[in-house]
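Protein chains: 2
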Amino acid sequence: MVRLTIRVDFDGKDGFGPGKARLLELVAEKGSIRRAAAAMEMSYRQAWLLLAAVEKTFGAPVIMTATGGTRGGGARLTELGEAVLRRYRTMERNAQQANSGEIGAFAKIVDTNPARKSGVRRAPKPLPRARGT
Amino acid sequence: MVRLTIRVDFDGKDGFGPGKARLLELVAEKGSIRRAAAAMEMSYRQAWLLLAAVEKTFGAPVIMTATGGTRGGGARLTELGEAVLRRYRTMERNAQQANSGEIGAFAKIVDTNPARKSGVRRAPKPLPRARGT
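Heads up: the sequence lines are chains A and B, in that order. If you read the first sequence in the numbering used here, its first letter stands for residue 1003, the second for the next number, and so on. If you read the second sequence in the numbering used here, its first letter stands for residue 1003, the second for the next number, and so on.
Hints were generated in silico from the structure; no laboratory data involved. Relax, there's no trap hidden among the hints.
Dumping the calculated BS3-like pairs for lysine-lysine here, alpha-carbon to alpha-carbon at most 30 angstroms:
id : chain 1 : residue 1 : chain 2 : residue 2
1  : B       : Lys1032   : B       : Lys1058
2  : A       : Lys1110   : B       : Lys1058
3  : B       : Lys1015   : A       : Lys1015
4  : B       : Lys1015   : A       : Lys1110
5  : A       : Lys1058   : A       : Lys1015
6  : A       : Lys1058   : B       : Lys1110
7  : A       : Lys1015   : B       : Lys1032
8  : B       : Lys1015   : A       : Lys1032
9  : B       : Lys1015   : B       : Lys1058
10 : A       : Lys1058   : A       : Lys1032
11 : A       : Lys1015   : B       : Lys1110
One chain only, chain A, in its complex shape (with noise of 0.2 angstroms):
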């Protein structure tokens, strides 16, 4: 299957990926960073790292914790938090849209490669370690 994902470069300083929209999604979804996390196979510690960096780029929490309550507290985006994720999304979906022609043309090439079909991973003739070159 051929997936088309998107990235969006601030300054070339940092960006915003389908990672970090995962974990948003995931924190939504589980109303917890521990949970996000750990269905993303990362450490709460990276998660936390980050969610951090999310904040830094928009200059707002992403998201937001209660504590205490019978549910012994748990995390929430705040409205920016699901405006970016929102906008995420569509642009993901815009994206995916204008291209359905072109991301067929790529998955026939993929396709059409023995190497792949068989299901065994055959490297073609390897690159010649060029001197110089």
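Please build the complex by placing chain B on the supplied structure of chain A, with the hints as guidance.
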């Protein structure tokens, strides 16, 4: 400046994104894997591994090298390499055009971030180190 880039993923195993595209472009431009690698501030080995990965994805060489001659060899794109690069750039352009409004909206959120405006990257109020959330 906000910039949208794309990545094409195949079966979630391998992919083709801005780095590999730029490398192919530089090989074509400089006529040399070594000079292309230098322009991307990567080692010859790193560039070689990236090109080998692209070949593995598409099942055929994307680069051809010449040996001997007055210029001591050189590298250029195969027809497949050119097609992959051209299609990628078309998809990128389509994605950007389909999202001009959304890119502007994203840029607006980031531009109103005072930490970015001043050039000083103040960290926003950090996420709480929530217990179990």
